[in-house]
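> Sequence:
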Amino acid sequence: MSARHLHRVAVLVLEGAKPLDVGIPAQVFTTRASMPYEVRVCGAAPGLVTGGDGLSYHVDDGLEALEWADTVFIPGYRFPDRDDPPQAAVDALNAAHDRGARLAAISTGAFALAATGLLDDKRATTHWHYTRALAAKHPRVKVDENVLFVDAGDVLTSAGAASGLDLCLHILRRDLGVAASNHAARRLVAAPYRSGGQAQYVPRSVPEPLGERFASTREWALQRLAQPLSLEVLARHAAVSPRTFSRRFHEDTGYTPMQWVMRARIDVARELLERSQRSVEQIATDVGLGTGANMRLHFQRILGTTPSEYRRTFTQGE
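First residue of the sequence shown? That's 1291 in this note's numbering, and the numbers climb one at a time after it.
One thing to keep in mind: the hints can contain errors.
Claimed, not checked - Label pairs and their computed distance ranges (CB to CB):
#1 Q1590 with T1534: 31 to 37 angstroms
#2 G1582 with A1323: 41 to 47 angstroms
#3 A1378 with S1346: 15 to 21 angstroms
Derived from the structure by calculation, the hints contain no laboratory data. Nothing here was measured: the structure is a model prediction, and the numbers come from that model. We put the beta carbon where it would ideally sit given N, CA and C, even for glycine.
Model the full assembly from the supplied sequences, consistent with the hints where possible.
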């Protein structure tokens, strides 16, 4: 993304819009020196939009904002299984997408996005309470109820409101790199990264005491990425068997322990590539990947690029 061009973000507020869903993208993609975005909050028409949960919104822009936008967010709204979005809004979303805009739905905003047909034959998600309704109303959508968000390239969806923040941080990582995303997460006092594959809702018959213990182990591991970190080492720190650790870890994060460690190492390597002049070989040693060749292999497998190409793309000031 060119520093000379502000990336234009429109937040489309539909009738019954949920306040947190509206506020998350409007706050994350704020215009500031570290965030080269411009945000407009719009509706089907300018003026008052009746929201959900006792709030309403006064929007300055109508659907013409979608003609202006590079990215369009569709926040969740009440009764999505019962109320269809205005046809004019559906047409405007399709026109924006045809023009090259990226469309991202938060929570039940996936129903409005699905109404465009752009989710047909693609994976998508929504709030766990509405996944069956979304699948019933739009049977061509491949609804995944066990993830926080789905990135299908130019169309993205997320689960309930809090996972909308995960989706926004994920988009920041795509646009500006991991350092900018982590900076925004610190500003918002949010977890810098939760994987899209993490389960959004795992019902349990009784509360389990391992959640904090496993979170502590993940934090412990993040401080020791340069050291050997095997399944046995992590399970020993959590004081459970490797089998229990592996099962619960996957439930909590969407990754096996070793997949999570590898991605954590790649994430730290990304930030070092962005913010330091250290060589690929030095960074590989710093983050526990051993050699530059090993780091290049995993970069290509996970990110589809090389460390050098990544550095050229996301080095600050370029």
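> Take the C-beta atom of Q1590 and the C-beta atom of T1534, compute their distance, and say whether it sits inside 31 to 37 angstroms.
Holds - the Cβ-Cβ distance for Q1590 and T1534, about 33 angstroms, lies within 31 to 37 angstroms.
> Between A1378 and S1346, does the C-beta distance stay in 15 to 21 angstroms?
holds, 20 angstroms
> Is the hinted range of 41 to 47 angstroms satisfied by the C-beta distance from G1582 to A1323?
Distance hint for G1582, A1323 is violated at roughly 33 angstroms.
Violated hint for the displayed structure: number 2, the only one.
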